[in-house]
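Number of protein chains: 2
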Amino acid sequence: MCQLLGMNANTPTDLVFSFTGFARRAEEHKDGFGIAFFEGAGARLFVDAQSASVSPVAQMVRSYPIRSGHVIAHIRKATQGEVRLENTHPFVRELWGRYWVFAHNGNLVDFHPVLHGAFRPVGATDSERAFCWLMQELAKAHARMPAVPELTATLAELVPRVARHGTFNFMLSQGDALWAHCSTKLHYVERRHPFGHARLQDEDMSVDFATVTTPDDRVAVVVTEPLTQDERWTSMQPGELKVFVDGRAVD
Amino acid sequence: MCQLLGMNANTPTDLVFSFTGFARRAEEHKDGFGIAFFEGAGARLFVDAQSASVSPVAQMVRSYPIRSGHVIAHIRKATQGEVRLENTHPFVRELWGRYWVFAHNGNLVDFHPVLHGAFRPVGATDSERAFCWLMQELAKAHARMPAVPELTATLAELVPRVARHGTFNFMLSQGDALWAHCSTKLHYVERRHPFGHARLQDEDMSVDFATVTTPDDRVAVVVTEPLTQDERWTSMQPGELKVFVDGRAVD
Numbered sequence: 001m002c003q004l005l006g007m008n009a010n011t012p013t014d015l016v017f018s019f020t021g022f023a024r025r026a027e028e029h030k031d032g033f034g035i036a037f038f039e040g041a042g043a044r045l046f047v048d049a050q051s052a053s054v055s056p057v058a059q060m061v062r063s064y065p066i067r068s069g070h071v072i073a074h075i076r077k078a079t080q081g082e083v084r085l086e087n088t089h090p091f092v093r094e095l096w097g098r099y100w101v102f103a104h105n106g107n108l109v110d111f112h113p114v115l116h117g118a119f120r121p122v123g124a125t126d127s128e129r130a131f132c133w134l135m136q137e138l139a140k141a142h143a144r145m146p147a148v149p150e151l152t153a154t155l156a157e158l159v160p161r162v163a164r165h166g167t168f169n170f171m172l173s174q175g176d177a178l179w180a181h182c183s184t185k186l187h188y189v190e191r192r193h194p195f196g197h198a199r200l201q202d203e204d205m206s207v208d209f210a211t212v213t214t215p216d217d218r219v220a221v222v223v224t225e226p227l228t229q230d231e232r233w234t235s236m237q238p239g240e241l242k243v244f245v246d247g248r249a250v251d
Numbered sequence: 001m002c003q004l005l006g007m008n009a010n011t012p013t014d015l016v017f018s019f020t021g022f023a024r025r026a027e028e029h030k031d032g033f034g035i036a037f038f039e040g041a042g043a044r045l046f047v048d049a050q051s052a053s054v055s056p057v058a059q060m061v062r063s064y065p066i067r068s069g070h071v072i073a074h075i076r077k078a079t080q081g082e083v084r085l086e087n088t089h090p091f092v093r094e095l096w097g098r099y100w101v102f103a104h105n106g107n108l109v110d111f112h113p114v115l116h117g118a119f120r121p122v123g124a125t126d127s128e129r130a131f132c133w134l135m136q137e138l139a140k141a142h143a144r145m146p147a148v149p150e151l152t153a154t155l156a157e158l159v160p161r162v163a164r165h166g167t168f169n170f171m172l173s174q175g176d177a178l179w180a181h182c183s184t185k186l187h188y189v190e191r192r193h194p195f196g197h198a199r200l201q202d203e204d205m206s207v208d209f210a211t212v213t214t215p216d217d218r219v220a221v222v223v224t225e226p227l228t229q230d231e232r233w234t235s236m237q238p239g240e241l242k243v244f245v246d247g248r249a250v251d
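Line by line, the protein sequences are chains A and B. Using the working numbering, the first residue of the first sequence is number 1, and each one after it goes up by one. Using the working numbering, the first residue of the second sequence is number 1, and each one after it goes up by one.
Check the hints yourself; a few may be wrong.
What the hints assert, rightly or not - Here are some, though not all, of the chain B residues that point toward chain A, as calculated from beta-carbon distances under 8 Å:
hint : residue
1    : 41
2    : 42
3    : 45
4    : 85
5    : 86
6    : 118
Said to hold, decoys possible - In silico DMTMM-like links for lysine to aspartate or glutamate, alpha-carbon gap of 25 Å or less:
hint : chain 1 : residue 1 : chain 2 : residue 2
7    : B       : 140       : A       : 246
8    : A       : 140       : B       : 137
9    : A       : 30        : B       : 14
10   : B       : 30        : B       : 82
11   : A       : 30        : A       : 157
12   : A       : 242       : A       : 217
13   : B       : 30        : A       : 14
14   : B       : 185       : B       : 202
15   : A       : 77        : A       : 240
Treat the hints as calculated values from the structure; they're not laboratory data. We put the beta carbon where it would ideally sit given N, CA and C, even for glycine.
Kindly produce the complete structure, drawing on both the sequences and the hints.
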């Protein structure tokens, strides 16, 4: 199984601390990694078919504090599709003049939707097929970009049609919101004032968030397995679709 | 004006030498840079709104020999659109299940085509508008990916409709071929056996290609201004559309 990491913040925030812990897990998930950062409407995508534990691209991401309000990262253990760059998450498409970023953890069985629209997979993964289908159906449902609650309502109708084919933990963002769907396992934490101290589960590294934040900052981090000790992580329920805006979960 | 660099090779080749010379020019073109590498059908895109002369991302590209058959790079001096990530070339879209990469040098005046299809600009540049229009019209002209000569014929009909709005030097690739259109200035060199020695124009650095190639290798490099001394660069003519496949110009 792969692992997912997402971040949503109300002010551009660097992910060096969380990505460092997350990338440690790449030793067991060595079939590539990818990370996408939104900066305004623009997105940077760094992908590598090498493991995040050795990739020079991952090394750069760990050492270069790119500040972003919306991040999705993925480390891959291949289940479907060869270890090739075009099978590496996250995937990016443009819809309604915005970039959409998607990463998936899980395995979909017998999922071969009709893709008659403008979104076709480049690689051979079930994940990219699911993303293309979601994009196609969103494009059918709305002529232009709707507000976040409407998008959430449409996704809530679409997602179960994919999820019944297997395990469909995913993260999706268009740079305004982060959607996280839990099929089997996802956890999130909301960091806000007063900020505390956290220690990474996977590495001997800790941070005092109070020293790197202002009282107005809010950051939500969503991940397959909790990244830190000393913080209260909420376990998402199977079938739950959660949307994060400005660093907090909204209903 | 911006500067463009493209490479097309019959075997995955690293671009460290050429990119080093090209990135030197970023001191005068400091409004961002981007570079896209195809690896099979997959594409890696590195973009940064910082200058290539200081960007940690450009530093990584210079030191990490990513081997690719098709590369498009761009250093930007903004004419239209703010210095923002979403205005940074190259741009990427998916069409017919393949990624398409586009970068433009020049300025288009009064170019506001009707974009009714599946391709919309995310940023505010004339360049991305032109790319979206080309993608839309290619999608209308062909139901699925045609062979390279057919694509070239369609592009040859479409490109003058954009080029009459101003300066439209561009490079385009879908990972099988590299198209280069010259409006005012583009040069190319075809490197093949017997490989010689070349010295960068912009930096005290030279390479003996014979030591890093095999006799079967063929590499074409297309660039705004010749990168090396000691090599024979061909100057493209205004209005010329050239396509490169397997490291050579094809008619």
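Each hint tested on the structure:
1. The beta carbon of residue 41 of chain B comes within 5 Å of a beta carbon in chain A, closer than 8 Å, and the hint placing it at the interface holds.
2. Annotation: residue 42 of chain B was flagged as interfacial toward chain A, and the flag holds, the nearest CB pair being 3 Å apart, inside 8 Å.
3. For residue 45 of chain B, the shortest C-beta to C-beta distance to chain A is roughly 6 Å, which falls under 8 Å, so the interface hint holds.
4. A cut of 8 Å between beta carbons decides the hint on residue 85 of chain B: the least distance to chain A is about 3 Å, and the hint holds.
5. This hint holds: residue 86 of chain B has a C-beta 3 Å from the nearest C-beta of chain A, less than the 8 Å allowed.
6. Nearest Cβ of chain A to the Cβ of residue 118 of chain B: about 3 Å, under the 8 Å cut. The hint holds.
7. A C-alpha spacing of about 40 Å is found between residue 140 of chain B and residue 246 of chain A, which places the hinted pair above 25 Å, so the restraint is violated.
8. Between residue 140 of chain A and residue 137 of chain B the CA atoms are separated by roughly 21 Å; this keeps the pair inside 25 Å, and the hint holds.
9. Straight-line distance between C-alpha atoms of residue 30 of chain A and residue 14 of chain B comes to about 24 Å, which keeps the hinted pair within the 25 Å bound.
10. Taking the CA atoms of residue 30 of chain B and residue 82 of chain B, the gap is about 13 Å. The hint holds against a cut of 25 Å.
11. With a C-alpha separation of about 34 Å, the suggested pairing of residue 30 of chain A with residue 157 of chain A is violated against the 25 Å cut-off.
12. With a C-alpha separation of about 20 Å, the suggested pairing of residue 242 of chain A with residue 217 of chain A holds against the 25 Å cut-off.
13. At roughly 24 Å between alpha-carbon atoms, residue 30 of chain B and residue 14 of chain A fall within 25 Å of each other, so this suggested pair holds.
14. Distance check on the hinted pair: residue 185 of chain B and residue 202 of chain B sit about 18 Å apart at the alpha-carbon level, within 25 Å; holds.
15. A C-alpha spacing of about 24 Å is found between residue 77 of chain A and residue 240 of chain A, which places the hinted pair at or below 25 Å, so the restraint holds.
Consistency note: the structure conflicts with the earlier hints numbered 7, 11.
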